[in-house]
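Okay, here's what each chain looks like letter by letter:
There are 2 protein chains.
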Amino acid sequence: MNGGRILVFIIDGLGDRPIRDFGDRTPLETASTPRLDLWAQRGETGLVDPIAPGIRAGSDTSHLALLGYDPHEYYTGRGPFEAAGVGMDVRPGDVAFRCNFATVEEKDGRLVVVDRRADRIQKGTADLAAEFNGLAIDGVTVLVKESTAHRAALVLRGEGLGAAVTDADPHDDGRPVVTVTGESDADKKTAAVVNKVVQLSYEKFKDHPVNKDRVAHGKNPANVLLPRGAGLAPHIPSFPGRWGFKAAAVVEVGLIRGIARYCGLDVVMLPAAVNGGLDTDLAAIFAATQTALQTHDFVLMNVKGADVAGHDGDAAAKLAFLERLDDALEAFIAALPGGLHVAVLGDHSTPVAVGDHSGDPVPLILLGPGVRPDATTTFGERPCATGGAGRLRGLDLLPILLNLAGWAEKYGA
Amino acid sequence: MNGGRILVFIIDGLGDRPIRDFGDRTPLETASTPRLDLWAQRGETGLVDPIAPGIRAGSDTSHLALLGYDPHEYYTGRGPFEAAGVGMDVRPGDVAFRCNFATVEEKDGRLVVVDRRADRIQKGTADLAAEFNGLAIDGVTVLVKESTAHRAALVLRGEGLGAAVTDADPHDDGRPVVTVTGESDADKKTAAVVNKVVQLSYEKFKDHPVNKDRVAHGKNPANVLLPRGAGLAPHIPSFPGRWGFKAAAVVEVGLIRGIARYCGLDVVMLPAAVNGGLDTDLAAIFAATQTALQTHDFVLMNVKGADVAGHDGDAAAKLAFLERLDDALEAFIAALPGGLHVAVLGDHSTPVAVGDHSGDPVPLILLGPGVRPDATTTFGERPCATGGAGRLRGLDLLPILLNLAGWAEKYGA
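If you're matching them up, the sequences are chains A and B in order.
Going left to right, the first sequence walks through residues 1 to 413 as the numbering used here numbers them.
Going left to right, the second sequence walks through residues 1 to 413 as the numbering used here numbers them.
Chain A on its own, in the form it takes in the complex (with noise of 0.2 Å):
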């Protein structure tokens, strides 16, 4: 098969609910949008529970099932997908960690935490990290890589490790560094390299010039390593690979990259005005899904800002973003390539009453040739409830493009 070309147009956050001050509408349906409400008056809407009814997804499992892989499969947690999203090469069967650079003082020969952000460290920590790196531990390789600010990665790959452990972050400020326990043969293993890392990179990062440096400025050492999330990485077939096409993603953040990059899509380097906030430079991202459109049969981009409107509980914010949104897709809009096929949607609400994801539906636009456009006029999530595509679930999502684009096989004869 050799389709058309096809973009996934992600609104992190974007589904929320009725705001009093709003008249009882949501953001989404108080906005002035109105190039996004004549996609939906052109295009096919409907609503979709990116998991299930009522369940409230992640952005890395709701990514998962938008691009057609089952989370209750594919998601070990989130470790792998903060690994891959920072650039390192995961494999199947490593076992990853999210990581904090903390500051630590000993205590009745404990390590106790001070700051677990060690003063949300900016500058220093890929000379930390690289302390690490070759390292074997009871025959593991141990793989450090610092992300922004005081978040790093920490994957160990050698043979029959699990991920089934505790934290080493306590989690809280004021309490001891937890010692990592596991149940089984495997947990155990993981669990023993896991305390030796946080052990050993107590002894490196203590008088580490970076954090000699630091406290004599006088800010918090980057002192110690706290895993947590550990996940055991799965074996996720390449996406580009099973549809025979080239895919690209141009996200914002690095947990959504990860997931990109962990399912084989290019992932496409922006530039620093892009920072997933509610001032992100949304031409740059709108300029790369172009150039990305040129190369790749498949652009997936997401826009990051409403979802930070949506958990910092501000209603104007979220609004404010997804008119800049809307007035910024003038050009892009313009500038799409000819039987190009679009889905517009989030990936889970987050409502600004909630100030988190929860599990309400968001909104969806189907568009492109061979759709069947409805009665909606605008885009909101009212509006599409009614709409032709009904109620979908997030695994729904791929199949349904494949089939507009052409670049589905037939099932049967």
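These aren't lab readings, by the way, just hints derived from the structure by calculation.
It is possible that some hints are incorrect.
Same chains, same names: a pair is fine if it fits in one copy or spans any two.
Stated by the list, open to error - Lysine-lysine pairs mimicking BS3-like chemistry, simulated, CA-CA at most 30 Å apart:
1) LYS410 to LYS188
2) LYS410 to LYS212
3) LYS410 to LYS219
4) LYS410 to LYS145
With chain A held as given, fit chain B onto it using these hints.
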């Protein structure tokens, strides 16, 4: 997580089909139900297939699904839930049966059923049942408990019992008691015990004072116990334990009480005027629900009358019951606690034209903070079919309510 209160309000057998005498409207669409209509207007509506589209759900399988237990995994037959419903302590691995106290006569050395319901015996069944308790047959403990009228439950407890056995009950008068059989060793063991229970019941009951008295009064003796509907008692994880809250059930009939008890809900005792019929004491049901909501996070309420009218094929009675229910809601609604989330729906359709459960979907209202009200303004099968919640399955209901009320954990990051 610690969320808000939830009420699941089941109108048993609610759904129906268009009735010519009602101008091709259903009883619910025809009935004057201003309070339910107001709820439909304020809430989000939809249709629910209790199991899946077209599947004719029982009250037991439907309630399991609505409580979040996939009946394909947890439903092993009616016996265990009937037994739990009459207050027996059913344990995983037990084999449980529904039974009738019946009347048999000896003919040519066989027991032939004369009256499957022993003149719907009302008194003395506890004395008959007591003849069995503590008894062991082939090393298997035999427990019998009377239910209403001629009904009873039988529980077998012991090692290596199977439940794939035939019924002893021939299901028609004038036919001989059936010798119970099974295929596997475990099933054969159960069958042998049940056959001995049946034979023993005749020996113990035939000259029992209860029956001597009945015969003296011209009534058929309850001189045998006829088991049917064998089920291996499943292991069901505790409903309150699973979600971390307190849960209660205010329900009228034994089977649903059994489901609730089996799932670990507190089953509220109700006055005798709550009789599961068309003339049940609705005010008492609502009062008990109000009380339960003061001490429990989750309350399941089931009102049975509409189902009774459906089984009776009586459209006028179904309509009248729904109108009486709506009247009684006036005071109930006024006294509901703030912040409550409510789901109003049927557990299945019982169309009067069918006189039994059908596989037609049931209408749903979701009410409470955060729901997205839709354009539906009356409660009915057709109005709800265009509602914002779309078409859901029974298993979707609990996750949706847990999400709205703030009890749901995030899946992913």
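Each hint, compared with the structure:
1. Taking the shortest alpha-carbon separations for LYS410 and LYS188, only the inter-copy value of 27 Å comes in at or below 30 Å, while the best intra-copy value is 47 Å.
2. When the C-alpha separation of LYS410 and LYS212 is checked against a cutoff of 30 Å, the pair qualifies neither within a copy, at 64 Å, nor between copies, at 40 Å.
3. In this assembly of identical chains, the alpha carbons of LYS410 and LYS219 never lie at most 30 Å apart, being 62 Å within a copy and 35 Å across copies at closest.
4. For the homomeric pair LYS410 and LYS145, the shortest alpha-carbon distance between copies (27 Å) is at most 30 Å, but the shortest distance inside one copy (44 Å) is not.
Against the hints set out earlier in the document, violations occur for numbers 2 and 3.
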